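According to our numbering, the sequence shown holds residues 64 to 953 in order.
Relax, there's no trap hidden among the hints.
Subject to a maximum C-alpha distance of 27 angstroms in a straight line, what follows is the list of computed DSS-like cross-link-like pairs (lysine-lysine):
(1) Lys902 x Lys952
(2) Lys733 x Lys590
(3) Lys902 x Lys951
Simulated from the structure, these hints should not be mistaken for lab results. Only a predicted model underlies this, so the values are computations on that prediction, with no experimental measurement involved.
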Amino acid sequence: MKLGITVSAIALSAGMPAIAQTADLPSPAEAPGLEAEEAPRGKEIVVTGSRIRGTGPVGSNVVSVSAAEIEAQPTATITEFLRKVPQIQGFGVDSSSAVVSGGQGGTNTTRGSAINLRGVGPSATLTLVDGQRLSFSGVSSNYVDANAIPAAAVDRIEIVPDGASAVYGSDAVAGVVNFILRKEFEGIQVRGRYGVADDYWLAQASFMAGTNWGSGGVVFAYEYTRNDALGGDERDFVRFDLTGRGGRDYRNGQCSPGNIVVAGRTYAIPQAGVTPATASQLVAGTRNLCENLSIADILPEEERHKFYGYAYQEIGDRLRVHVQGIYSLRDYTAQAIQQGSTSNIVNLAVPNTNPFFVRPVGTTATTVTVEYDFTPLIGPIQQTGFTDTLFLTAGLAWNIDDNWKVSLDGVFSEDRSAQNTRRINTTVLTDRLRSTNPALAFNPFGGANSADNIAAIYSGVFNPFAISRTRGGSLQADGSLFSIAGGDVRLAVGAEFLRYTSDAGNAQGALAAPTVTINPKLERNQKSAFAELYIPIFSSANATGMFERLDLSAAVRYDDYSDVGSTTNPKFGLNWSPARGVLFKASYGTSFRAPGLQDLPLLRTGAGLTTATWTDPLSPTGTSVGLQLNAGNPNLSPESAETWSISAELNPGLVPGLRLAATYFNLLYKDLIGFPPRTTSSLLDPNYAFAVTRNPTAAQITALTSQGLSLQGVVPPVIAFLYDGSAQNLGSIHTDGFDFDASYAFDAAGGELTLGFNGTYTLGYDFAVTQIARPLDRAGDISFPVVFRARAYAGFRSGGFTVNALVNHVSGYTNTLVAPEQNVGSWNPVDIDISYEFKDSGVLNGLALGLSVTNLFDQDPPFVNIPGGWDPGQASALGRLVAFTLTKKF
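Throw the hints in and build the complete structure from the sequences for me.
Shown next as structure tokens:
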């Protein structure tokens with residue numbers, strides 16, 4: 064019997080993109096010879112969720128995504144595709160946003176993407192490559208960017224949406240996503256794809272070659288991807304004046320020309336500008352409003368080069384060595400008006416020493432505030448940067464005998480991320496506003512400014528960078544202890560050592576001579592020991608009565624961290640089959656996540672107090688200017704969690720090809736580490752009222768700057784709020800719900816037809832923003848998991864012809880950021896994929912042509928009454944994307 068974790072043999076043979084729970088693995092007793100050596104010679108069997116060969120994770124389900132499914136989807140990245148898996152939520156760390164959405168906050172300056180199982184935060188999902196950890200990514204080293212993995216090299220992706228810290232250690236709170244890469248390939252394969260949507264395009268190309276020589280083999284792959292930027296002004300639904308759709312007007316007054324503000328009253332500057340001689344044209348209570356924020360990029364322009372290599376060699380009958388490597392280079396450019404500490408829209412304090420000074424008639428102010436937008440003068444902010452990722456592993460496997468195996472593995476992973484941003488030099492700007500020289504003074508009242516003056520002001524830079532490394536090794540032994548009536552009792556034991564480091568800093572200030580700051584080196588050592596036991600009490604060898612099969616497993620892991628203490632996490636699993644075709648599962652475990660290295664130091668990368676203009680329900684103008692704090696917290700505590708689940712699977716023999724499965728999951732996640740979200744909507748969210756200090760005093764600001772936190776941006780004369788966005792133990796999440804899967808595969812019309820439906824229904828998502836706050840059920844609220852995510856699919860295959868159709872469903876939810884609350888509609892895009900592979904013996908043999916269309920009916924995201932008018936966490940702004948694919952195998 065051949066081991067494999069698959070959606071189902073029939074579904075995969077049909078080429079269906081059926082993302083569903085896997086069929087249950089046979090117990091070792093039912094396949095007594097089920098060992099690694101039964102796989103094709105040289106091929107390692109990787110099973111996610113267990114360290115014992117041939118068993119699979121007892122009590123937990125595995126969701127498997129095949130290479131064929133990935134190839135059928137014309138997406139720029141793997142994580143974009145995985146957002147369609149019902150157990151994975153779309154919000155969190157995603158390239159469509161420079162901030163971390165979904166309740167835990169943080170920055171995503173380098174526009175990376177991470178995986179967010181169960182919607183409890185990307186940091187609670189452990190991302191692995193063949194069971195090994197990738198290094199953290201981004202200038203804050205706060206997530207793992209799975210897009211560094213070349214899709215062309217992926218054999219399958221296995222997802223265990225259940226706590227797994229007892230097997231893998233920290234971060235596996237909501238589960239594990241394991242990218243299993245190709246270990247064997249014979250021949251050459253080239254693939255090209257070009258996709259186009261309105262004002263957007265995507266190009267991909269890949270090459271893979273490999274060979275085997277009996278006792279060894281080698282695989283090499285290269286993948287190139289480039290995609291166009293998608294600007295907000297290229298989608299008509301991205302607007303800030305939403306009154307025409309029944310929403311609010313979120314436009315801001317920082318325009319060009321802008322507004323003069325005196326004693327809280329606004330005066331719109333005329334289109335032609337204003338001078339002291341024409342000050343009578345200023346009318347109290349008027350205000351210019353503009354849509355300037357809508358020109359920011361939704362998706363950045365990106366270019367990626369990815370390389371993959373794998374080689375193995377058997378030495379005699381007992382030894383096997385392997386090496387594996389990934390190298391990814393990613394460059395990006397993102398256009399914005401304001402992002403983090405960089406902003407083109409500012410409030411300027413203009414004194415009467417400025418030769419262009421204008422005060423409204425009837426006022427006596429010696430300093431006025433001018434709401435202003437520099438974009439017409441200097442253009443949008445162009446943020447460029449790169450992320451380079453290196454991942455290397457090597458291993459030695461020794462089959463001591465036909466039973467026991469010892470493995471020694473090492474890993475080295477490195478991520479280099481940096482961003483380069485040209486911005487306003489606030490020191491020069493302040494000097495030019497105060498200057499008495501008309502040749503040097505800056506005129507914000509709508510008049511002309513010289514090119515030299517603009518160049519001097521636009522001479523600031525902010526370039527954060529970070530190098531994150533993970534390296535270490537593990538030693539493991541697994542095999543059979545003894546036999547009982549149900550089969551072999553198996554054990555895996557081992558130890559692991561990992562070292563994490565982070566070197567970060569930034570260059571900021573004047574372009575000609577920036578100040579370079581190198582943060583203190585952050586480092587952590589982790590020592591671990593683990594054990595896992597598998598007990599097959601009943602199997603086909605001794606089945607009786609209601610016990611066709613009964614498997615038990617117990618795993619435990621001890622982790623000792625050099626900076627945050629130690630933890631012990633167990634997990635228990637049970638598989639029970641009372642009759643053939645019926646299987647029940649149950650699991651219970653605890654999990655743990657240590658604070659991120661960048662979360663602990665106060666002066667983390669990008670730390671500082673930054674001027675921000677945010678929507679403010681308490682402001683008579685609708686917006687306020689204040690300061691947002693970005694900082695770490697050396698007093699953070701570790702996170703902890705408890706998970707348990709119960710599953711039922713039915714594979715009735717009377718209806719071949721039919722599979723029904725349902726799982727109840729329950730996750731309690733405590734002491735969450737996160738950042739109160741720093742967005743233009745942050746003052747609207749009552750859940751983070753604790754982070755807001757209204758009208759902060761000078762002493763409160765000084766208390767922060769005295770610790771080394773710098774003031775960034777143009778500080779307004781009146782600071783309306785101070786928002787504490789530093790790392791905190793924010794509270795807890797208690798979520799539960801059901802995963803379900805139904806599929807039916809059968810012969811029809813001379814081919815194979817597969818129908819299916821799978822999804823996740825969230826019963827509750829009790830979220831407490833602080834440890835003493837009353838938990839509120841946020842399931843179905845904006846920035847939290849929707850109640851229902853599902854996919855319905857149908858696929859047909861006959862010979863070389865394949866056609867698949869999928870309907871994706873994201874249920875409606877409640878926008879709690881407005882009063883009265885808004886009911887947001889559901890999103891139901893349809894995807895199709897049509898392909899044909901020539902299987903003749905002629906020159907066309909091995910050639911495949913494909914046409915894929917995502918969002919076939921070009922459905923816009925549902926309207927959401929928030930700045931921008933849509934929610935990138937639950938929908939895509941791309942619209943209909945049509946892609947053509949050509950593949951040739953030699």
